[in-house]
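Using the hints, position chain B against chain A.
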Amino acid sequence: MKIKRRDFLKGLAGSAVLAMASPAVATSSEGKRLPDALGILYDATLCVGCQVCMVACKKANAMPVEHSGSERLWDNPADLSASTLNIIKKYENGTAKNKDLEIDGYAFVKRHCMHCVDAACVSACPASALTKELKTGIVSYNKNACIGCRYCQVTCPFNIPKFEWDNPFPKIVKCQLCSHLLAKGQIPACCGECPTGASLFGPVKDLLEEAERRQKMTAGKYYEFPVSDMSSTKIQIHKAKNYMSHIYGKSEGGGTQILMLSGVPFDKLGLPVLPDHSYTAIAENIQHTLYKGMILPIVAFGGLIFLVKRAEKNKKS
Amino acid sequence: MRNYPALKEWFMKTEQPLEGKILTPTFLICGLIFLISLIFMAKRFIYGIGAVSNMSDGYPWGIWIAFDVVIGTAFGCGGYAMALLVYVLNKGEYHPLVRPALMTSLFGYSLAGVAVVIDVGRYWQLYNIFLPWYANPNSVLLEVALCVGAYVAVLWIEFTPTFLEKFGADNAKAFMNKIMFVFIALGILLPTMHQSSLGTVMVVAGSKLSPLWWTRLLPLLFLISCIFLGYAIVVFESSITGSRYPILEETDLLGKVSAVMAGLIAIYLVIRFADVVIRGHLNLAFKGDLNGNMFLLENLMLLIPMGILLVSANRRSARVLFLCAVSIVLSASLYRLNTYIIGFDPGSGWHYFPAVGEIFISLGIVSMEIMAFLYFIKRLPIYRRS
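Chain order of the listed sequences is A and B.
With the first letter of the first sequence counted as 1, position 308 gets the number 308 in my numbering; the numbers rise by one all the way through.
With the first letter of the second sequence counted as 1, position 136 gets the number 136 in my numbering; the numbers rise by one all the way through.
Bound conformation, chain A alone (with noise of 0.2 angstroms):
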């Protein structure tokens, strides 16, 4: 069989376009959720402000002390950086007189890395710096590996990993929930020194349905909530609040192993907005479609052979 020179573009061209105009493949988050994913459970509601964990996550991870403003006494971190994996941040409106309420009201929110079912560090980094454990889902890093491409601070959506911009020999910084302590058979220091409860830590589809329990609660009453550890037995009493119908890091950006409740909407809190899906997936989604098994390189390459033949032949004659 011969191929016209024109056929053979128009179907590499023809099937490189179908790869990029594809709609995007169904990236249901709860299909791709690992069984046995780990994770934390944030209830803005329980939380108060303490910074008990954001003590407890410097010392667990032998993090230094930072300091934003003109008193250098404590550790008072104005953002997450290099120095601080995890940050409880305020937020205001109003009078802010009333906790949890969006008008007039203030909450607290904590911000780490969300330890995405779908990374989009992990699909970036060139080197596998960034990896996502098989079995428990938990991101961490490799400085062993990592060239500092910075790759995966332009894809991550919450902007989570940090970079050591003042260091001749930099790493990037992020939450990697405690790896160390897990291997030990602890839990994650902010979970576990947490005094209200609000970060709980457990496997991801316990701390679903306790999020979606919560939501069930008539705000108001009393209700018990599990603190540290889904798996513990310490228990406390609080009065249930006006939860947002919707449980962040449920389906946002495909999905995160850090799940939150809100009594004010999430944008509000500084989270992204994000659609149902990982970019991750799309980007993805073209470039296995186009280099599966290298099959279109090689045989562009063949044609191409073929093409430079003719063509040098041409100018001889």
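Keep in mind that the hints were calculated from the coordinates and are not lab data.
This one's a predicted model, so the numbers in the text were calculated from it and none came from an experiment.
One or more of the hints may lead you astray.
Cut-off 27 angstroms, straight-line C-alpha distance, at most; resulting in silico cross-link-like pairs (DSS-like, lysine-lysine) [claimed, not checked]:
| hint | chain 1 | residue 1 | chain 2 | residue 2 |
| --- | --- | --- | --- | --- |
| 1 | B | K173 | A | K315 |
| 2 | A | K309 | B | K166 |
| 3 | A | K309 | B | K43 |
| 4 | B | K173 | A | K313 |
For chain B alone, coordinates are given in the frame of chain A:
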């Protein structure tokens, strides 16, 4: 077909060094900028990237990536774009434009490599991407890095006949020319792969990129635009060289290249606008903010030269060709800058404008390129003298 008397004369001649002294004022100014940039480079390696740049955790990529690598390699697409014409479309008459284009590609890509070493934080383990146990096949950036790396090697191989000619190694040159078809084919395949992937790189950053630039068609738009940018660079460079050195008049051929370029731009603009309209974001273009204005500027700078170049009478004027090429070069560069920096919004509180040291390092790299260019055209057989 029209008869091109100049072409015949052209094919009779072979490439020769343009001679002349090396230490011209242009060369010396470039040398000075390069020396200053060395100071900042030293600072970067001693104190860290933060010491010379304004990059931040919000804007982790600055001009070293957007300008030196993304725009720099796109500038280096002249060789690729000419190879498409000569070898894929089998238009042998463009052959005289290939060698200068190839040289520009060589510098654009080699110096992008230099910029990468300066930009990456952990440069001492940059080789990790070549180790199979570290390489991540899902990474778009890995594909770009490996392809660009391979292409730099291919470009130097494609350029060897020029060196061999200079040193009169005829046997070696004959051998190289015999096996060259493999490298010419690779030299077309690799840019197709990585120039499109440079668009896909920002597909992953979807949540932070303005919908005026984010589309799953980014790879297609990056590919088409790197090709017409390649032609624009060929026209630009030939015009500049022609104005200062005694090379053969190339206007006829450049006019034909410009016609191809205008056709490609038309296709590109149809896709570009259809995409923004279908996704329902055209209103953002007219909001009067920075993103909207940049979008309009970027596309007007293509639309106008396209309109001019589609009229065949305009393509006979060397001046018009040059000005159109300048506009197209700037527009395709702006498209890349918009996609990588201006349209990129990591959230409130983050700002980026390059620092002095950062700019000097970029300028230093460009100066190196200009100095190498001037040296090569004067000492190596690149152009055909009149």
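Hint by hint, here is what the structure shows:
1. K173/B with K315/A: Roughly 18 angstroms separates the two Cα atoms, so the pair holds.
2. K309/A with K166/B: With Cα atoms ~26 angstroms apart, K309/A and K166/B stay inside 27 angstroms; holds.
3. K309/A with K43/B: Measuring from Cα to Cα gives roughly 50 angstroms; hence the hint is violated.
4. K173/B with K313/A: holds (18 angstroms)
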